[in-house]
Amino acid sequence: MGPRNLPQEQPQQLFEDAPDAQAQKAQAELEATVLRFWDTVRKSADVIVTLRQENAILQAQVQSLRKSETELQSRVQDFLERIADLETRMSTAQGSVVHHQEQIASPAIAHERQVVSNVEAAPYQPDNDELNARAHDATERAQELMLARELEHEVEVRSLRKNIDRLEDELNRLQNELNEAQGQLTDHKVISQQLAFVRTELEARTKLLQDLQITLEENRNQRQLDIFSSVVQPGMAPAEMVALASRLDVLSGRISSLFGIS
Amino acid sequence: MTIMSKAIRVNIGGKDLTLRGDNEERIKKSVREVNLQIQALQQSLREQSTPTLSLLAALNIAERYHDALDQNSQDVRFVNEELDKMTQYLERAWRQPLP
Chain R
1 MGPRNLPQEQ
11 PQQLFEDAPD
21 AQAQKAQAEL
31 EATVLRFWDT
41 VRKSADVIVT
51 LRQENAILQA
61 QVQSLRKSET
71 ELQSRVQDFL
81 ERIADLETRM
91 STAQGSVVHH
101 QEQIASPAIA
111 HERQVVSNVE
121 AAPYQPDNDE
131 LNARAHDATE
141 RAQELMLARE
151 LEHEVEVRSL
161 RKNIDRLEDE
171 LNRLQNELNE
181 AQGQLTDHKV
191 ISQQLAFVRT
201 ELEARTKLLQ
211 DLQITLEENR
221 NQRQLDIFSS
231 VVQPGMAPAE
241 MVALASRLDV
251 LSGRISSLFG
261 IS
Chain F
1001 MTIMSKAIRV
1011 NIGGKDLTLR
1021 GDNEERIKKS
1031 VREVNLQIQA
1041 LQQSLREQST
1051 PTLSLLAALN
1061 IAERYHDALD
1071 QNSQDVRFVN
1081 EELDKMTQYL
1091 ERAWRQPLP
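Residue numbers (our numbering), protein chains in the order written: chain R, 1 to 262; chain F, 1001 to 1099.
Source of the hints: derived by calculation from the structure; they are not laboratory data.
Some clues are possibly wrong.
Said to hold, decoys possible - With a straight-line Cα cutoff of 20 Å, these simulated SDA-like cross-link-like pairs (lysine to any residue) come out:
{"#": "1", "chain 1": "F", "residue 1": "Lys-1028", "chain 2": "F", "residue 2": "Ile-1061"}
{"#": "2", "chain 1": "F", "residue 1": "Lys-1085", "chain 2": "R", "residue 2": "Glu-150"}
{"#": "3", "chain 1": "F", "residue 1": "Lys-1085", "chain 2": "R", "residue 2": "Leu-35"}
{"#": "4", "chain 1": "R", "residue 1": "Lys-25", "chain 2": "F", "residue 2": "Arg-1064"}
{"#": "5", "chain 1": "R", "residue 1": "Lys-43", "chain 2": "F", "residue 2": "Met-1086"}
{"#": "6", "chain 1": "R", "residue 1": "Lys-189", "chain 2": "R", "residue 2": "Asn-172"}
{"#": "7", "chain 1": "F", "residue 1": "Lys-1085", "chain 2": "R", "residue 2": "Ile-48"}
{"#": "8", "chain 1": "R", "residue 1": "Lys-25", "chain 2": "F", "residue 2": "Met-1086"}
{"#": "9", "chain 1": "R", "residue 1": "Lys-43", "chain 2": "F", "residue 2": "Pro-1099"}
{"#": "10", "chain 1": "R", "residue 1": "Lys-25", "chain 2": "F", "residue 2": "Asn-1072"}
{"#": "11", "chain 1": "F", "residue 1": "Lys-1029", "chain 2": "R", "residue 2": "Ala-21"}
{"#": "12", "chain 1": "F", "residue 1": "Lys-1029", "chain 2": "F", "residue 2": "Ala-1040"}
{"#": "13", "chain 1": "R", "residue 1": "Lys-43", "chain 2": "F", "residue 2": "Lys-1028"}
To be verified - Just some of the chain R residues that point at chain F, by a computed CB distance under 7 Å:
{"#": "14", "residue": "Ala-32"}
{"#": "15", "residue": "Val-34"}
{"#": "16", "residue": "Leu-35"}
{"#": "17", "residue": "Ala-45"}
{"#": "18", "residue": "Ile-48"}
{"#": "19", "residue": "Arg-52"}
{"#": "20", "residue": "Gln-53"}
{"#": "21", "residue": "Ile-57"}
Computed from a predicted structure; not experimentally measured.
Using N, Cα and C, we set each Cβ at its ideal position, and we do this for glycine too.
Based on the provided sequences and hints, a complete structural model is requested.
The following block contains the structure:
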């Protein structure tokens, strides 16, 4: 509020009814009015902020609801498609079941239809005993038909069980053969390793034998020469060579028998 | 509507005058204040003549009038400033980020 001069500061305090008092009263009223207006402005600001917050919350809820609506619509559409698919599959299955039942019960149904047609073709006679008898016969036939169907079903079940048992036996047999084949495969690996070792050994012995044969030939030639020279040369005794040859023959026979080489 | 001014008989500084005006009460109040001003000047300035006292009274009243005008300007400026502050306060409430 703007400053006002104090009464004692006025140049002349000569007016009637204290004009400065009136001015101060007007000033107080003005200040009170401004303060009341400030209160109204502050309350209005609070209302504005509250409304803005509520508006933001509502906007978020609207967005969430729109998103949920889209998701729900897609889910409903998916459910409708699944229902239509299930209805189609159900109608197909029902048609298949009806067809199958007709095929199974066609002789009995034909017989029943024949009976019914005979009954319908017969002249109407309101004889209660006859009607009761027919009803009794029809009930018995229906029971017989149901019993026959149960028996057929039991027979089918037994046949299926037999087939299952047979398949299980076959499966067990194949499993055993597979186990044997695996065992043979393991043995074959071991035998292959032994064969490689024996072949190596055989090659070494063969080479040794060839060397001995060469040495033997050389000794024979040398002896023929010694007949004329009368000079005795040291060499392998014949008995020793025969023993070595026999050992080689035995070893060759064992190898041949081991691998089935003829 | 035509407002009829009427004749008002007053006495200012010992002199009878007939005035015309629409607000008789206001005129009488103003005359009373002028007489009080003259009487006060007569008590403090006894040697001065009546025309001089009347001039001084008129000068005091004119000075008081300008004081009132200044005060009115200050009040108007004060109210305008307060209204600007209120407007800014409401603007902030409207535009400030929400918590």
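The hints, checked one at a time:
Of the pairs offered as hints, the one joining Lys-1028 (chain F) and Ile-1061 (chain F) holds, with about 16 Å between alpha carbons and a cut-off of 20 Å not exceeded. For the given pair, Lys-1085 (chain F) sits about 98 Å from Glu-150 (chain R) by alpha-carbon distance, which is inconsistent with the 20 Å threshold. The straight-line distance between the Cα atoms of Lys-1085 (chain F) and Leu-35 (chain R) is roughly 12 Å, inside the 20 Å bound, and the hint therefore holds. Only pairs whose Cα atoms come within 20 Å are accepted, and Lys-25 (chain R) paired with Arg-1064 (chain F) is accepted, the gap being roughly 17 Å.
As the CA atoms of Lys-43 (chain R) and Met-1086 (chain F) are separated by approximately 12 Å, the hinted pair is consistent with the 20 Å bound. The suggested pairing of Lys-189 (chain R) with Asn-172 (chain R) is violated, with an alpha-carbon distance near 26 Å, which exceeds 20 Å. Note on Lys-1085 (chain F) and Ile-48 (chain R): the hinted pairing holds, with a Cα-Cα distance of about 17 Å set against a maximum of 20 Å. Annotation: proposed proximity of Lys-25 (chain R) to Met-1086 (chain F) is violated, straight-line Cα distance about 24 Å (limit 20 Å).
About 18 Å separates the Cα atoms of Lys-43 (chain R) and Pro-1099 (chain F), which keeps this hinted pair within 20 Å; it holds. Under the criterion of a C-alpha separation no larger than 20 Å, the hint pairing Lys-25 (chain R) with Asn-1072 (chain F) is consistent with the structure, at around 14 Å. Proximity of Lys-1029 (chain F) to Ala-21 (chain R) is assessed by CA-CA distance (about 16 Å); at most 20 Å being required, the pair is judged to hold. Between Lys-1029 (chain F) and Ala-1040 (chain F) the CA atoms are separated by roughly 17 Å; this keeps the pair inside 20 Å, and the hint holds.
With a C-alpha separation of about 47 Å, the suggested pairing of Lys-43 (chain R) with Lys-1028 (chain F) is violated against the 20 Å cut-off. Interface hint at Ala-32 (chain R): violated, since its Cβ lies 13 Å from the closest Cβ of chain F, which is beyond the 7 Å cut-off. With 7 Å as the threshold, the beta carbon of Val-34 (chain R) comes within range of chain F, its nearest partner Cβ sitting at about 5 Å, so the hint holds. This hint is violated: Leu-35 (chain R) has a C-beta 9 Å from the nearest C-beta of chain F, more than the 7 Å allowed.
A cut of 7 Å between beta carbons decides the hint on Ala-45 (chain R): the least distance to chain F is about 4 Å, and the hint holds. Of the supplied interface hints, the one on Ile-48 (chain R) holds, with its beta-carbon coming within about 5 Å of a beta-carbon of chain F, less than 7 Å. At a threshold of 7 Å, the smallest CB-CB gap from Arg-52 (chain R) to chain F is about 6 Å, leaving the interface hint in force. A least Cβ separation of about 6 Å between Gln-53 (chain R) and chain F falls short of the 7 Å threshold, and the interface hint therefore holds.
With its C-beta approaching chain F no nearer than about 10 Å, Ile-57 (chain R) sits outside the 7 Å limit, and its interface hint is violated.
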